[in-house]
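There are 2 protein chains.
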Amino acid sequence: MTMRIPILKLKDYLLVSIQWELDDQTALQFQEDLLTKIHETSARGVVIDITSIDFIDSFIAKVLGDVIGMSRLMGAKVVITGIQPAVAITLIELGIQLDDVMTALDLEKGLEKLQQELGD
Amino acid sequence: MTMRIPILKLKDYLLVSIQWELDDQTALQFQEDLLTKIHETSARGVVIDITSIDFIDSFIAKVLGDVIGMSRLMGAKVVITGIQPAVAITLIELGIQLDDVMTALDLEKGLEKLQQELGD
Numbered sequence: 001m002t003m004r005i006p007i008l009k010l011k012d013y014l015l016v017s018i019q020w021e022l023d024d025q026t027a028l029q030f031q032e033d034l035l036t037k038i039h040e041t042s043a044r045g046v047v048i049d050i051t052s053i054d055f056i057d058s059f060i061a062k063v064l065g066d067v068i069g070m071s072r073l074m075g076a077k078v079v080i081t082g083i084q085p086a087v088a089i090t091l092i093e094l095g096i097q098l099d100d101v102m103t104a105l106d107l108e109k110g111l112e113k114l115q116q117e118l119g120d
Numbered sequence: 001m002t003m004r005i006p007i008l009k010l011k012d013y014l015l016v017s018i019q020w021e022l023d024d025q026t027a028l029q030f031q032e033d034l035l036t037k038i039h040e041t042s043a044r045g046v047v048i049d050i051t052s053i054d055f056i057d058s059f060i061a062k063v064l065g066d067v068i069g070m071s072r073l074m075g076a077k078v079v080i081t082g083i084q085p086a087v088a089i090t091l092i093e094l095g096i097q098l099d100d101v102m103t104a105l106d107l108e109k110g111l112e113k114l115q116q117e118l119g120d
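Line order of the protein sequences matches chains A and B.
For the first sequence, the residue numbers in full-length UniProt numbering are 1 to 120.
For the second sequence, the residue numbers in full-length UniProt numbering are 1 to 120.
Do not rely on the hints blindly, as some may be mistaken.
Below, a list of computed lysine-lysine pairs in the PhoX-like style, where the Cα atoms sit at most 25 Å apart [unchecked claim]:
1) B:Lys109 / A:Lys109
2) A:Lys109 / B:Lys62
3) A:Lys109 / B:Lys77
4) B:Lys9 / A:Lys77
Source of the hints: derived by calculation from the structure; they are not laboratory data.
Using the sequences provided together with the hints, build the complete structure.
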């Protein structure tokens with residue numbers, strides 16, 4: 001059974017909290033669900049909180065990088081919050097393209113950042 | 001495998017969106033996770049959005065009623081948002097104690113209600 005990660009809509013934003021390690025199927029399902037939800041809701045921003053994740057493998061790292069790029073193509077800015085040291089190391093070592101990704105400490109600060117960025 | 005429902009913390013509040021029908025194990029795990037999170041974060045309010053749920057059975061209805069009562073005992077007010085007609089009917093028919101539960105249309109309005117209620 002593929003687990004699915006709930007995506008919460010709050011005003012113009014989508015909020016996601018990934019609280020357990022993802023398997024490959026769940027990660028791909030999440031990618032699809034998020035893009036669908038951006039389309040359905042015309043969301044202008046997405047906050048993905050990964051505070052609870054202390055390790056990611058290369059597949060999940062790639063999916064994360066992809067989902068950020070795809071969301072941007074669809075017009076939604078992405079903020080990743082709560083990146084832990086080991087996760088940061090993995091992302092950089094794998095060369096995942098996060099150059100112009102916004103980051104923040106937690107969900108709340110991520111939302112604030114989006115609001116500033118989008119001029120709300 | 002028991003699925004777990006992510007619980008998001010935003011300021012003093014916890015946000016939960018239940019987007020798929022719960023099986024009994026997942027519902028009980030959610031109950032435990034939510035109470036633990038209220039304790040850990042000293043949350044003052046909880047919004048549980050069930051917009052995507054169009055049917056609940058008697059077990060899930062009871063767990064939902066219980067979790068509201070338990071959260072209140074722990075000092076957190078609960079708002080349920082997005083109750084659909086069939087769910088409302090089930091809750092009333094089963095006599096689930098929701099007399100003094102706050103409800104709202106969606107997550108956003110639920111948060112507003114909590115903020116008013118708690119004087120933020």
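Given hint Lys77 of chain B paired with Lys109 of chain A - CA-CA distance at most 25 Å = At roughly 24 Å apart (the allowed maximum being 25 Å), Lys77 of chain B and Lys109 of chain A satisfy the hint.
key: Given pair status - Lys77 of chain A, Lys9 of chain B, alpha carbons within 25 Å   = holds (21 Å)
task = For the pair we were handed, Lys109 of chain B and Lys109 of chain A, check the Cα-Cα distance against 25 Å.
result = Cα-Cα ~21 Å, so holds.
request  = Compare the distance between the alpha carbons of Lys109 of chain A and Lys62 of chain B with 25 Å, and conclude whether the hinted pair is satisfied.
outcome  = violated (36 Å)
Of the numbered hints listed earlier, the single one contradicted by the structure is hint 2.
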